[in-house]
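Engineer: Sequence:
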Amino acid sequence: MRQDLDGPYLRSGQVAEQAGVNLQTLRYYERRGLIAEPRRSPGGHRAYPPETVTLLAVIKAAQRLGFTLQEVAELIDTGRRGHPTPDLRARAQEKIAEVDARIADLSTIRRALSAVVSAGCDSLTHCTCPECPLPFADLAESRAPEEN
83 MRQDLDGPYL RSGQVAEQAG VNLQTLRYYE RRGLIAEPRR SPGGHRAYPP
133 ETVTLLAVIK AAQRLGFTLQ EVAELIDTGR RGHPTPDLRA RAQEKIAEVD
183 ARIADLSTIR RALSAVVSAG CDSLTHCTCP ECPLPFADLA ESRAPEEN
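Counted the way the numbering used here counts, the sequence shown spans residues 83 to 230.
Calculated directly from the structure, the hints in this document are not laboratory data.
Since the model is a prediction, treat every value here as computed from it, not as a measurement.
Note that beta-carbon positions come from the ideal geometry of N, C-alpha and C, so glycine has one too.
Take these hints with a grain of salt, some might be off.
Label-pair ranges, simulated between beta-carbon atoms [unchecked claim]: (1) Pro124 with Leu188: 48 to 58 Å; (2) Pro168 with Ala118: 21 to 31 Å; (3) Glu156 with Leu188: 26 to 36 Å; (4) Ala201 with Lys142: 27 to 37 Å; (5) Gly161 with Leu188: 48 to 58 Å.
Please take these sequences and the hints and turn them into a complete structure.
Structural biologist: And the structure:
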């Protein structure tokens with residue numbers, strides 16, 4: 083950490099390493115306005131304040147929770163206005179609904195795959211197991227050839 087610019091600052095590589103992101107991600111977030119454009123050192127290097135590392139950690143954590151980068155940008159912008167808002171809570175509730183829907187979809191997929199394993203299916207299109215749970219073979223055989 084350097085102290086040349088009215089306090090401590092970090093170079094791009096230091097910020098990226100400490101935050102666990104690559105330099106391209108750091109620059110991309112800067113272009114998107116998620117992090118402020120840094121000041122420049124007397125030598126022309128980007129000079130980030132140390133709190134940039136914390137902000138990057140918050141961005142990555144929000145992404146792991148399922149928020150898109152656009153949603154993260156909007157939430158950060160809302161937070162920068164300095165007054166509390168129900169925006170995060172409402173968006174988190176929407177994410178919970180999305181997660182619940184994905185869990186239901188994944189449970190359906192798991193049940194179908196378990197049925198395939200239990201039935202002993204051996205082909206996606208020409209399965210020879212009795213009572214094949216896959217509808218694909220029937221669909222492929224009953225489909226008429228397309229006319230040109």
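Engineer: Return holds or violated for the Cβ distance of glycine 161 and leucine 188 against the range 48 to 58 Å.
Structural biologist: Since the Cβ atoms of glycine 161 and leucine 188 sit about 32 Å apart, the hinted range of 48 to 58 Å is violated.
Engineer: Could one say that the CB atoms of proline 168 and alanine 118 fall in the range 21 to 31 Å?
Structural biologist: Distance hint for proline 168, alanine 118 holds at roughly 26 Å.
Engineer: So does proline 124 sit 48 to 58 Å from leucine 188, Cβ to Cβ?
Structural biologist: With Cβ atoms ~54 Å apart, the hint holds.
Engineer: For the pair alanine 201 and lysine 142, does the Cβ-Cβ distance stay inside 27 to 37 Å?
Structural biologist: Given range 27 to 37 Å: violated, Cβ gap about 42 Å.
Engineer: Kindly confirm whether 26 to 36 Å is satisfied by the beta carbon distance between glutamate 156 and leucine 188.
Structural biologist: Holds, at about 28 Å.
Of the numbered hints stated above, those contradicted by the structure are hints 4, 5, listed in ascending order.
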